[in-house]
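Quick mapping for you: the protein sequence lines, in order, are chains A and B. Under my numbering, the first sequence has 343 at position 339, and the numbering climbs by one with no breaks. Under my numbering, the second sequence has 29 at position 26, and the numbering climbs by one with no breaks.
Simulated from the structure, these hints should not be mistaken for lab results. Yeah, the Cβ is synthetic: ideal placement off N, Cα and C, and Gly gets one too. Among the hints, erroneous ones may be present.
[As the list claims (entries may be wrong)] Rough simulated footprint, nothing fancy, chain A against chain B, three-plus residues with beta-carbon under 8 Å: (1) 73-83; (2) 161-168; (3) 183-193.
[As the list claims (entries may be wrong)] Calculated cross-link-like contacts (lysine-lysine; reagent style DSS-like; alpha-carbon spacing at most 25 Å): (4) B:Lys-196 x A:Lys-277; (5) A:Lys-150 x A:Lys-348; (6) B:Lys-72 x A:Lys-277; (7) A:Lys-82 x A:Lys-180.
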Amino acid sequence: MRAMVYRGPYRVRVEEKPIPAIEHPNDAIVRVTRAAICGSDLHLYHGLIPDTRVGMTFGHEFVGVVEAVGSSVQKLKKGDRVMVPFNICCGSCFWCARELYSNCQNTNPNATAVGAIYGYSHTCGGYDGGQAEYVRVPFADVGPMKVPDWLSDDDAVLFTDALPTGYQGAEMGDIKEGDVVVVFGAGPVGLFAAKSAWLMGAGRVIVVDHLDYRLDLAKSFAQAETVNFTQVDDLVLLIKKTTDYLGADVCIEAVGAEADGSLFQVLAANKLKLQGGSPVALNWAIDCVRKVGTVSVVGVFGPIFSAVKFGDAVNKGLTIRANQCSVKRHWPRLLEHVKNGLIKPSAVVTHRIPLEEIAEGYHMFASKLDNCVKPLVAPSAALAA
Amino acid sequence: MAYTAEKPRIAPPRSVLETSIVGWGVDLDPRNRPGVPKENFNPRGTGAHWDFPERQIPRYRREMSTEHKFLTPVFGTVCPPKGLSGVLRRFAYKLSEGRLAHWNLLVLADRVDVIESRIGALFRLRPDNAVSEIGLKAEIERHGLRSRLGQRRADTKHLPIDILFFTGTTLATVAAIAAAGIGVARLASARRKRGLARLLG
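Turn these sequences into a full structure, and let the hints steer you where they fit.
What follows is the structure, given as structure tokens:
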């Protein structure tokens with residue numbers, strides 16, 4: 005099969021790989037019809053995540069058709085059209101039993117500090133991902149779900165990560181009626197977080213970024229107010245003035261390890277790998293939120309330390325909620341919202357790329373060219389179908 | 004205001020939000036939010052029909068975190084550790100996740116892996132191509148100049164540093180090959196001189 009393969013920082017290409025095999029009785033093999041490149045894939049692409057091995061296939065957002073199932077699979081059969089959460093989860097460990105699927109203990113041998121994720125280095129379990137023609141899907145009875153007939157592949161692929169992650173970002177903020185919510189990051193996750201904040205009753209939603217084309221989408225898609233942080237002297241002061249010096253009630257950090265805004269942090273964290281990620285947006289969130297407010301973090305960081313303003317967090321009495329999204333837990337409610345026309349997930353999609361052009365896709369997405377917000381990838385056979 | 008008991012009123016009234024914002028408030032009640040409460044004990048509702056999963060059989064000595072009691076029942080099998088990078092990785096996995104050295108060794112192994120893989124690709128006659136793998140065609144096809152010039156972006160400031168870093172591994176590979184070549188040449192030369200000296204007595 006054709007598959008994207010990592011060749012080192014900033015380098016990917018498409019190679020022939022064997023079609024994955026059933027390795028466990030509850031595995032399924034899924035033929036990918038649509039995949040996506042995530043903002044967090046860029047951390048792998050830039051060499052930030054430890055134990056990222058040459059030859060790995062990335063891609064934790066994908067939908068497809070079941071081609072084969074293991075002997076113990078009960079829920080799925082060949083031919084089923086499925087969407088697969090980015091979490092690889094067993095359904096039976098301490099965390100899965102409590103619906104905290106992103107924290108599964110039984111699927112990632114390489115680390116206990118994170119659950120298993122498709123195509124996200126050996127730190128997340130060493131599984132190939134879906135930027136390929138086929139992918140091995142463990143625990144097919146637990147993770148994947150049949151895609152409803154009324155949901156397109158383009159919308160369904162946003163269900164595998166970005167949409168539920170944005171929703172959980174807002175949910176972890178414990179938003180109350182009338183709250184002022186500031187969302188850092190106008191990528192797909194930030195846009196969905198802003199939209200979700202309104203669903204949860206926010207009074208004002210402000211999105212912060214440095215890319216004007218994404219802020220325009222925040223206005224049109226998420227009906228949010230926007231701030232380009234390169235155009236203000238002091239972002240924290242601006243938020244304080246906007247909130248009559250109280251501070252925001254909730255700040256949602258949807259940027260993660262490659263937050264820009266400080267050349268020093270870009271160098272120290274992203275280039276020299278001295279930190280798990282640039283904490284610029286996280287520190288802004290801590291500073292912009294009011295005392296005893298909530299900071300919700302869905303941005304992805306690497307496993308080593310980052311220079312976070314923890315003293316401020318303590319002194320301000322903040323609640324900090326953070327986690328990878330437990331995707332399938334949010335599906336029923338989100339499917340209702342999409343079916344009722346409240347959210348159109350594929351509205352954030354800006355590019356559709358054949359798998360063979362994935363190197364250009366990564367470069368475009370990483371360099372933010374051509375007003376790229378969310379690129380989808382499809383194997384040639386899927387595009388031809 | 005913040006200096007008195009009342010919360011500052013800076014948001015529009017509910018009546019305005021309900022009519023102007025699509026879907027406003029449908030999940031205002033936390034009982035409608037699927038992630039509330041955070042922990043919802045529901046072991047029969049996950050889809051699992053086992054208490055502990057059947058074990059996958061490892062085909063090689065699978066590396067694992069020291070913070071696991073045993074190898075997880077299911078695990079990824081791609082890219083087993085190999086070469087010098089593999090030695091570094093196996094050593095890194097002797098240290099717990101709480102040790103900085105664990106992660107730094109893995110990052111070092113990643114860099115060694117890249118150099119080993121570039122050399123290996125040459126021998127397999129499938130050499131890496133910097134231009135196509137970096138996707139530089141996108142700079143033309145996807146309007147690199149227009150996307151950056153005249154924009155209020157924060158990242159254009161560090162573009163020269165970005166370019167330096169993404170050509171860095173190529174430079175490191177070339178340096179490694181050059182150093183190895185020079186070393187081999189010197190060894191061969193020294194052996195030739197010793198052989199000549201023995202011949203001349």
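Going through the hints against the structure:
| no. | hint | result |
| --- | --- | --- |
| 1 | 73-83 | holds (count 9) |
| 2 | 161-168 | holds (count 3) |
| 3 | 183-193 | violated (count 0) |
| 4 | B:Lys-196 x A:Lys-277 | violated (46 Å) |
| 5 | A:Lys-150 x A:Lys-348 | holds (19 Å) |
| 6 | B:Lys-72 x A:Lys-277 | violated (30 Å) |
| 7 | A:Lys-82 x A:Lys-180 | violated (45 Å) |
The structure shown violates the earlier hints numbered 3, 4, 6, 7.
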